[in-house]
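Residue numbers (my numbering): 3 to 283.
Do not take every clue at face value.
25 Å max Cα-Cα, derived DSS-like pairs, lysine-lysine [unchecked claim]: (1) K191 / K260; (2) K273 / K191; (3) K191 / K231; (4) K102 / K68; (5) K68 / K80; (6) K27 / K135; (7) K260 / K246; (8) K98 / K80; (9) K68 / K98; (10) K108 / K98.
Here are the in silico distance ranges between beta carbons for each label pair [as the list claims (entries may be wrong)]: (11) K260 / K80: 43 to 49 Å; (12) Y238 / N167: 47 to 53 Å; (13) K239 / K80: 45 to 51 Å; (14) I217 / L195: 15 to 21 Å.
These are calculated hints, taken from the structure and not from any lab test. Each residue gets a CB set at the ideal place from its N, CA and C atoms; glycine is no exception.
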Amino acid sequence: MNESSYILIGNKLKWTRESLLLTAKEVSQLSSIPVTTLRRVENGDKKSIEKWINELCYLYQINRTKIYSSQYNIPNWKILRRNVLAVHRGNILYLKYINKRPFPRKAIEFRMMQTSFINSYKNTSEIRAFLQKTYNWTFSYEAIVMALDSLAEEHLIEIENVKVNPRSYRKTRKKSNNILSELSLLTIKLEELTDSELNHSVTPAYDRMAAMLLILNNEVISRGNLYEKINYTNAYKNHQRSLKVLENLKLVEQTEEKPNSSKQKYRITSKGRELLNSNGI
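When you get a sec, could you build the whole thing from the sequences and use the hints?
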């Protein structure tokens, strides 16, 4: 199994923990896994995952075999919670942790945003009232504002008009790089595609390739600007490991016939869009 697959597994395990409203410290107390080790697991460290995945899958009540598949989606929080309660109902400490009032941001991100309530703009008072009525969680007005603004900074929700107070928010209509991230999944797909279609003499930078493809899905851009957007040095070696591989796979193409044209830019091809669409992007 390649490195990218372990990153995705780590992402799934983190998403599962947060969907259950558990902190890293709480998981450590419910298991024999130190917090620092859990962080390594969730960051995709191969050795840590292989050592601790059985214990985590039992704790979260998710299928160990299925989680290794890139096609497997973690169940929603209601199913996760039901499965956990069915097995761990005698664990008083576990019940205490999953029944506690979470931090405001977690309440919004992993409960309210999983509903259709915030598909349309809602002001802070409406959001606060929804959390109170639906989950019996009471938060201060200021705490809700801080949580919403934090989510807006990460483009998970959007503000109707930043110059108007009180502000109104809704779930973003753009694709987001959330935990089961498009970037992680696309990285794996590119690795599989490259191995099957190309006899490459360099080691492709799959994560950079995935980031480039996501950017080119939304805009036509010069090579220099593309590399700048993903914080990648625009050097020959890097080019051969990333953008050039995408070109060879016919996922992206140059806009000008003359390679050295001053107007030269890059755009995604129909094959590139098909790859994204086939993966729900």
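For each hint, the structure was consulted:
1. Annotation: proposed proximity of K191 to K260 is violated, straight-line Cα distance about 31 Å (limit 25 Å).
2. A distance of roughly 13 Å separates the Cα atoms of K273 and K191; the hinted pair therefore holds under the 25 Å criterion.
3. A threshold of 25 Å between alpha carbons decides the hint, and for K191 with K231 the separation of about 22 Å falls inside it, so the pair holds.
4. A threshold of 25 Å between alpha carbons decides the hint, and for K102 with K68 the separation of about 29 Å lies outside it, so the pair is violated.
5. Straight-line distance between C-alpha atoms of K68 and K80 comes to about 19 Å, which keeps the hinted pair within the 25 Å bound.
6. In summary, the hint linking K27 to K135 is not supported, as the alpha carbons are separated by about 29 Å, beyond the 25 Å threshold.
7. With a C-alpha separation of about 16 Å, the suggested pair K260 and K246 falls inside the 25 Å cut-off, and the hint holds.
8. Simply put, K98 and K80 have alpha-carbon atoms about 17 Å apart, close enough for the 25 Å limit, and the pair holds.
9. For the suggested pair K68 and K98, the alpha carbons sit about 28 Å apart, so the restraint of at most 25 Å is broken.
10. A C-alpha spacing of about 17 Å is found between K108 and K98, which places the hinted pair at or below 25 Å, so the restraint holds.
11. In this structure the supplied range 43 to 49 Å is violated for K260 paired with K80, their Cβ-Cβ distance being about 57 Å.
12. About 51 Å separates the C-beta atoms of Y238 and N167, a value consistent with the hinted range of 47 to 53 Å.
13. With their beta carbons about 49 Å apart, K239 and K80 fall inside the hinted range of 45 to 51 Å.
14. Checked against the hint of 15 to 21 Å, the C-beta distance between I217 and L195 comes to roughly 18 Å, which is consistent with it.
The earlier numbered hints that this structure contradicts are 1, 4, 6, 9 and 11.
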